[in-house]
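**Student:** Spelled out, the chains give:
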Amino acid sequence: MTVTLIFLAVIMVTVITWLLRQTLNVQPWVSDPVADAASGKSLPTHTKTVGLTTFLAVATSLFALFVSAYTLRMQMVDWRPLTEPNVLWLNTALLVLASVAYHWTRSQAVKGNLSGLKIGLVLSGTLSILFLAGQYSAWGDLNESGYYLTSNPANAFFYLLTAVHGIHLLGGLYVWARSTVSAWRGGDAAALRLSVELCTVYWHFLLFVWLVLFALLLST
Amino acid sequence: MAYVAIADRDHDEEHHDPQTFITKYVYSQDHKVIAIQYGVIAIFVGLISMGLSVMMRLQLGFPDQFSLITPENYYQFVTMHGMIMVVYLLTALFLGGFGNYLIPLMCGSRDMVFPFMNMLSVWVYLLSVIILLASFFVPGGATGAGWTLYPPHAISPGTPGTDWGIILMLVSLAVFIVAFTMGGLNYVTTVLQARCKGMTMMRLPLSVWGIFMATVLGLLAFPALLVAAVMMLLDKILLTSFFMPAIIAAGENVSYTGGTPILFQHLFWFFGHPEVYIVALPAFGMVSDVLATHARKNIFGYRMMVWAILAIGGLSFVVWAHHMYVSGMNPYFGFFFATTTLIIAVPTALKVYNWVLTLWQGNIHLRVPMLFAIAFIFTFIHGGLTGLFLGNVIVDLPLSDTYFVVAHFHMVMGVSPVLVVFASIYHWFPKMSGKMFNETLGRWHFWLTFLGTYSIYLPMHYLGFLGVPRRYFAMGNTDFMPASAQTLNASMTIAAIVVALAQFIFIYNMITSLRSGKKAGPNPWGATSLEWLTPDTPPKHGNWGDDLPVVHRWAYDYSVPGQEQDFTPQTVPASEVPVGRDHGVTHS
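Sequences listed follow chains A and B, in order.
Going by the working numbering, the first residue of the first sequence is number 1, and it counts up by one from there.
Going by the working numbering, the first residue of the second sequence is number 1, and it counts up by one from there.
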């Protein structure tokens, strides 16, 4: 549980420090012309950005808890580490490229270059789908080598962690599909740009999570 | 963004908008309709859960009188009662119900920031409730594993509902967590980003602070339950061994090996303890507003109240293992968790002092919401103090698994939050419906509920000290339990039936008042916060008519010295009426 505790401590300290700063040296019971002029927005970003950031905190909590469960279960005597299939290295490269592609797409969206944006979207989507296909083939490899789900908790955790990560990527691909359709149909440019910007953040986040999970799987 | 579109619309156009019944009341994206949908579903399952508790009490009070209640049924009732009350009633009602209703109105916004997701949230919540209730009707019935669902017995043969009941329970929890996350993202983002002009965080009513912090806790803690539910589902369906050790169940070797049930306990309580505060913090916030309004006095120590909410929120993540003292742990861990548990009592006690000091020299109006709010202070002090007993390892060990624990947590997170639920429903009912409730029926409801619950749970502490174990279907013949313990049990059962019946007074009161109550007017209690200042009562779609409100003061300007009126709404500028402690200094 140490991993989760450290992570949660960081989040809680950030949230509480930020909130405390709103409360120190404030005396709400006297009149305050500065407060009267306050806009009512706490952060100078788009509402959807705040929504996504909050969701990333939730997802991080979920993955941190899975990692904690992994490290706790690992200490039991029946744990037999598995040999990770080599295809995972290729998959990792694909996901890195997908993340880079999304970053490039974002720069095209900022520039307002629609054709570049379309190329970028197709590229990042394809790479992400290839990553998912690669993960699926890794499952096949494991099954063929006799690392079944039920034969050892290490195997079960491998399937579980990759599945949870994959499901999060699928959710991202749903938003990706919507922005791709919108790009081709010539939808609202500002909304499209925001969607691409948020997806970029989400893809970087999922890459980071995958790198942590991959390192954990390799090292144990 | 739906709410921007509404804001930009012409007022008349909005008024004449052709809205079908379906889009207005069923697939509505309006936070107020969603709030009421959440509330109605939650109260509906709450009533079912209350029925289950009456069945349990009948068995305990009059053992072997009812052939209908078998030991299997009894465990199913215990399990479903606990889970429904904690998750599907209290969490959903406080955050989905009151959170949805109050956040946009108190912050001065037109709606939640993601209305579509908000609508999805309530429908997914309904789905989780349907899945949960379906488990009563599947082969083998609902799960009887106890609300904590501890493995290995939760999925081992011999426990009721191990075929389908436990699967539906775990799936339903996972679905509920999805629903909660969609709602929770809305609540947090709306509080942060959609307040009206002049509404700084420190001018927010404490209700919003409580709901906000509880949502943050929920968003970070519910994933632990999701992880536990998913892994247990895999153990049950695909026969993995995350939690399941190699054991002999019902005379046969199971196919599991080497799993650790303690891991489940950690995950469960990592969610389970913050869950207590997910229920308590909104109650703390809302009761503060009800007390200040009906005592005609500003809340004592507003900033301290906010800091206490933050401190409780932070500390609630480092006390979870105090639920596991008897599971066996390193004594140093026990020491650590006992210490944090006692430390969390400090900000909590601080809040209690501040509520009492708010009442001191107030102009107290003992209306129905205020009666419930004051009763909450009683039950909460009571339940909180027994928590100090149980937080100490050495005291907890002998009291663990006795009725003392049952009495403690029912007092502190059953009766207390429910009293705040009633205080809040009576307090905000005139705004939600535009009608007044029947005061006399409200008082009957209050006294029966308050005295009734005390007559259930006060004697229960005594049973605990005697050593009467919890969870037992029947006590059998034992030397350490005197015959009078059974008499006490019978009296508690009668009290429980009275309390259960009293709730129908409440429901009757709400329904008849909704149909034929007196017109309430926009601000019947003379309250200061924004929800009482809407142009229409009940507020229409978009809440504020053409212009959003502008805030000039905090929410607690009651009985400001030198003022004719004993309350000053948040929208009144300091140039017209001085703010609370300005002592007559006007700002030009």
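Incorrect hints may appear among the rest.
Unchecked claim - Below, simulated DSSO-like cross-link-like pairs (lysine-lysine); rule was C-alpha separation at most 30 Å, straight line:
| id | chain 1 | residue 1 | chain 2 | residue 2 |
| --- | --- | --- | --- | --- |
| 1 | A | Lys41 | B | Lys518 |
| 2 | B | Lys540 | A | Lys48 |
| 3 | A | Lys48 | B | Lys435 |
| 4 | A | Lys111 | A | Lys48 |
| 5 | B | Lys435 | A | Lys41 |
| 6 | B | Lys197 | B | Lys24 |
Said to hold, decoys possible - Which chain A residues stay away from chain B? Per the calculated CB distances, all over 12 Å, these:
| id | residue |
| --- | --- |
| 7 | Ile11 |
| 8 | Gln27 |
| 9 | Asp36 |
| 10 | Gln75 |
| 11 | Thr83 |
| 12 | Pro85 |
| 13 | Trp104 |
| 14 | Asn113 |
| 15 | Ser115 |
| 16 | Leu170 |
Simulated from the structure, these hints should not be mistaken for laboratory data.
Please read all numbers here as calculations on a predicted model, not as lab measurements.
Ideal Cβ placement from N, Cα and C applies to all residues, glycine included.
**Student:** Regarding the pair B:Lys197 and B:Lys24, is the alpha-carbon distance no greater than 30 Å?
**Tutor:** Distance ~29 Å between B:Lys197 and B:Lys24 Cα, so the pair holds.
**Student:** Is the nearest Cβ of chain B still more than 12 Å from the Cβ of A:Pro85?
**Tutor:** holds, 20 Å
**Student:** Would the non-interface assignment of A:Ile11 survive a Cβ cutoff of 12 Å against chain B?
**Tutor:** Check fails; 7 Å does not lie beyond 12 Å.
**Student:** Can we confirm that no CB of chain B comes within 12 Å of the CB of A:Trp104?
**Tutor:** Non-interface label on A:Trp104 holds, nearest chain B Cβ at 28 Å vs cutoff 12 Å.
**Student:** Is the Cβ of A:Thr83 more than 12 Å away from each Cβ in chain B?
**Tutor:** At roughly 19 Å from the nearest Cβ of chain B, A:Thr83 sits farther out than 12 Å, so the non-interface label holds.
**Student:** Is the Cα-Cα distance between B:Lys435 and A:Lys41 30 Å or less?
**Tutor:** Not OK: B:Lys435 and A:Lys41 at ~34 Å, beyond 30 Å, violated.
**Student:** Going straight from one Cα to the other, do B:Lys540 and A:Lys48 come out at no more than 30 Å?
**Tutor:** Holds, because 25 Å separates the two Cα atoms, which is no more than 30 Å.
**Student:** Between A:Lys48 and B:Lys435, does the CA-CA distance stay at or below 30 Å?
**Tutor:** Given pair A:Lys48, B:Lys435 is violated - Cα atoms ~37 Å apart, limit 30 Å.
**Student:** Taking C-beta pairs only, is A:Asp36 more than 12 Å away from all of chain B?
**Tutor:** violated, 5 Å
**Student:** Quick check for students: does the CB of A:Gln27 sit more than 12 Å from each CB in chain B?
**Tutor:** Not fine: 8 Å to the nearest Cβ puts A:Gln27 too close to chain B.
**Student:** Taking C-beta pairs only, is A:Asn113 more than 12 Å away from all of chain B?
**Tutor:** Non-interface label on A:Asn113 holds, nearest chain B Cβ at 26 Å vs cutoff 12 Å.
**Student:** A:Lys41 and B:Lys518 were given as a pair; does the straight-line alpha-carbon distance stay at or below 30 Å?
**Tutor:** It is violated: about 39 Å lies between the C-alpha atoms, which goes past 30 Å.
Hints 1, 3, 5, 7, 8, 9, 10 from the list above are not met by this structure, while the remaining hints are.
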